[in-house]
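Listed below are the residues making up each chain.
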Amino acid sequence: MSKPVPLVKLDEKEYIQPANQACQGCTGASVARIVGKVLKDKMVRQEVACCGPAFGNLDQPSLYGEVFEGAGAMSTGLSRAFKRLEREDAIVTAIVGDGGTTDIGFQGLSGAAERNENVLWICYDNEAYMNTGGQRSSATTKYAETTTTPVGEFSRGKKERRKNVAAMVALHRVPYMATASIAYPEDFIGKLEYAKSIKGFRFIQVSAPCPTGWRFEPQVAVKIGKEMVLSGLWPLYEVIDGEKFRITYKPKELKPVKDVLKMQGRFRHITEDEIKEIQDDVTSYWTRLVAKDGKEFF
Amino acid sequence: MMEIRFHGRGGQGAVTGVRLLSTALYYEGKYTLGIPMYGTERRGAPVQSFLRVSDSRIYERDLVHEPDIVVVLDPLLAKTVPVTQGLKKGGLVLVNHPHAGDQTGIGGPFKVATVDATKVAMETIGRPITNTAILGAFAKVTGMVKLASLEEAAHHQWSGRIGEMNIKAMQNAYEAATPAVDVSKVKMKDVTVQSRARKAGESDVSSWRLYRPVFNDAKCVGCRRCYILCPEVAIGMENNKAVVNYQYCKGCGICQEECPTKAIDWVQETI
Amino acid sequence: MPQKFEVMVGNKAVAHAVRLARAKFISAFPITPQTTIVQYIADMVANGEIDAEFVTTEGELTAQASAFSAGAAGVRAFTATAGPGLLYMHHPMIATRNNRIPVVMAVMHRGIKGMDPDQTDMMAQRETGWMMMECDSGQEVLDTGLMAYKIAEDERVRLPCLFAGDGYILSYTDEPIDIPDEAKVDAFLPPYKTMIPLLPDQGKENRDFQMQQWSIGQDVQTTFIEDQQAMENAKKVIKEVNTEFKKMFGRGYGNGLVEEYKTKDVDAVIIAAGTIASTARVAIDKLQSEGKKVGLVRLKTFKPFPAEEFQRIGPKVKAMGIIDRNISIGSGGWAFGEIRNAMYEVEERPRTLQFHAGLNGKEVRVQDIIKIGEKTLKAASGMKVSPLVEWV
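First to last, the sequence lines map onto chains G, H and D. Under this note's numbering, the residue at position 183 of the first sequence is numbered 183, and the numbers go up by one with no gaps. So the number in this note's numbering is just where the residue sits in the second sequence, counting from 1, plus 298. So the number in this note's numbering is just where the residue sits in the third sequence, counting from 1, plus 569.
It is possible that part of the hints are untrue.
[As the list claims (entries may be wrong)] Calculated pairs, DSSO-like style, for lysine-lysine (alpha carbon to alpha carbon, straight line, at most 30 Å): (1) K417/H - K262/G; (2) K762/D - K42/G; (3) K539/H - K37/G; (4) K539/H - K13/G; (5) K831/D - K762/D; (6) K862/D - K573/D.
[To be verified] According to the in silico footprint, chain H covers these stretches of chain G (three or more CB under 8 Å from chain H): (7) 14–23; (8) 49–57; (9) 218–229.
It should be emphasised that the hints constitute simulated quantities derived from the structure, not laboratory data. Ideal Cβ positions, reconstructed from N, Cα and C, are used throughout, including at glycine.
Take these sequences, add in the hints, and give me the full structure.
This is how it looks when you write it as structure tokens:
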């Protein structure tokens, strides 16, 4: 089980390039920074085409493959090669967006998870294909406006609910699967430390609100992340070996989803009925999660 | 053929502005090519786009290297982006600035006209999106396009209130624009700052900022929340107090929003 | 030299090549007619004959992309595929070559229209920038597999290489095959070294990612020029490796780029590749026994295309009958187009005729090639000959 790590315990050394080429207020960059800081000298980064390359790492080797769909494949090859070279101390870390995880990258993800490749997969989830301008992904929240799910007379934004990739990965019975949020760095760091201490396929999906795509001022990027956790839109939990399930941050009562949705331009159009639909969905899922807290995942 | 270069910020309407101008010119029988010059969406980053204007069809597809006119949508850009690079001798710079043309810091064998487009935009649209305001000034200063054509283009682009607000911005800026003045006597600071440095650690993103965080040591308790959440690694800890390296700060504001003791002030960048 | 012969199918010969080359990363996904390659390798891994990472991927794209990254990280990588599987790999194949990773891949041809062999699967990947070689026997398949690593890993080259043979005709036909001695192969093929530092304490990645769409004033064409130069260098290296292989193992394949068969003092040549070239030998023997002066040039290396070889051979004959077991719809055959291109530089250029044969697995018989030889001779004698393009 993971344990939150106080920020004062962090080493000073940085493993991410300062003043990167990402947007103002990019929480994805903060995610990558924290990953580098925790994994330190042993991290070997695997990158695909996404926002990721805009926040390049420092003093850590990286293989960038212009194969958007290939994170699962490329991290497999790296990890197996290092095993052959007797360098399993290298922590192959794929830092991938939601597109490269839940959609085009899904086949590779499932393959790597199923084979229990010795890979740490960090998905920074900004809920769309942000690198190409913000098209919907299967991770986009229902009713969100994106450039391919615009709001108009015949459309109310994204039609489908979020694909629950976290649960899907856990069902591959991988050694470790966790959700995290940039708004809760201590919890996230604790999960990284736990993942660092074991081998096999480890997966952490990190909520990374995007000012450019979700349409809010950059300064509230982390605040929105926090509100998403507090409202149950982004529950923080972990699953060990596909069995042991634990909620790692449990608000006594969930805040209404309406507040955080209204903070985002991508939900500017949302109606009371649509909010209720999302609210019911969140409430029902949270109830089920709470019921299985500390017990078997499936 | 006239060649124009626009300097703006990612996500702040530079491309829409060029399209509006192109449309307005088209209504007046001109042929235009509006060429964007940024890749992926990087909100806040300084960006450029180009416009070619002619009476007949334009075939040239490379970029504009020697513009006749430069339009700068943000007063801070002139300080950190080489806006006059390649500008033809005797060329015109139209810059969003609260002061007159010879007080913008832009100098050389050029003419500079100004308009406080930010003020106009805030008054009419309520947000600092200066693309339409600057176009109103463009019409006045260059005489290349009629204000009425720009208004028609705005109607075409937006419906309802948004269209009206933008047209008001154009009209107000048209009135408020200062005439072009010769700046050959003005000494311009050499701007060689490179936001996209080749070597890690050499990037300077200070030109992205509209506001800067100012840290109050007395209130800082060393919790490190701002430090860990800064996407640019601009904040470090010294003697358990947060300190910022302004070269790396894009002015996103996360630090001041997240600080639990409100130890960070949010100060507008001075022009 | 003591030789170890065993009767086996071409696919098994590939497995032996992979074993002898000591590939350490093998990614595997089945597709007819290559499937048994990965099964033979699986057997060898299971009984300890091969000691490698054997990864059964969930698809060909992953098979290629993981071979790419394994090669980048520092182990010799191999994969195999055919037809649609090769097409599915297109995207990561380009990543492999862009990054100059010398992955070697076996392809047992399966044409794009069905299950049967022709070269259209390999042709569809022409633009990936991989080196491509065509074999006409199971033995050549094994030997080329070994040579491919040496050529690909040469410092002057560092390009991935695929070696191909016709599905069914080579993949599933039993032939007596000599399995080279392990120690000899170790002497022939030095250990693999990556050029990309990826180990944690090795590589300092301080790359500042350039997001600009158009690069003003930057030399962005350089890597194309370098890749092209590597391909040029490959022509020389292929010849060197072929000579060295012949010296060590007693078998060479022409000069590695092309193989001439009974071309002395002929008026015309047939150009063919793969198993069609194999059958063509019999046709040439028959024709020459009747006094008809037509020889055979077997095209072994398709990429880099050995234009200089044809510029050398061209002036010596009056006509070339070029058999393409492929076609680019809307253009024409691969070898025909390249050879004509090469001939433009030749003052005394021969007439060139295009033949398409064997597509979609259509059987190509000795008598078919005899007819091709006769038509080509007719053209060599100066007579009017039509059509220019003939489907056999």
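Do the hints match the structure? See the list:
{"no.": "1", "hint": "K417/H - K262/G", "in the structure": "28 Å, holds"}
{"no.": "2", "hint": "K762/D - K42/G", "in the structure": "21 Å, holds"}
{"no.": "3", "hint": "K539/H - K37/G", "in the structure": "20 Å, holds"}
{"no.": "4", "hint": "K539/H - K13/G", "in the structure": "17 Å, holds"}
{"no.": "5", "hint": "K831/D - K762/D", "in the structure": "41 Å, violated"}
{"no.": "6", "hint": "K862/D - K573/D", "in the structure": "38 Å, violated"}
{"no.": "7", "hint": "14–23", "in the structure": "holds (count 9)"}
{"no.": "8", "hint": "49–57", "in the structure": "holds (count 4)"}
{"no.": "9", "hint": "218–229", "in the structure": "holds (count 6)"}
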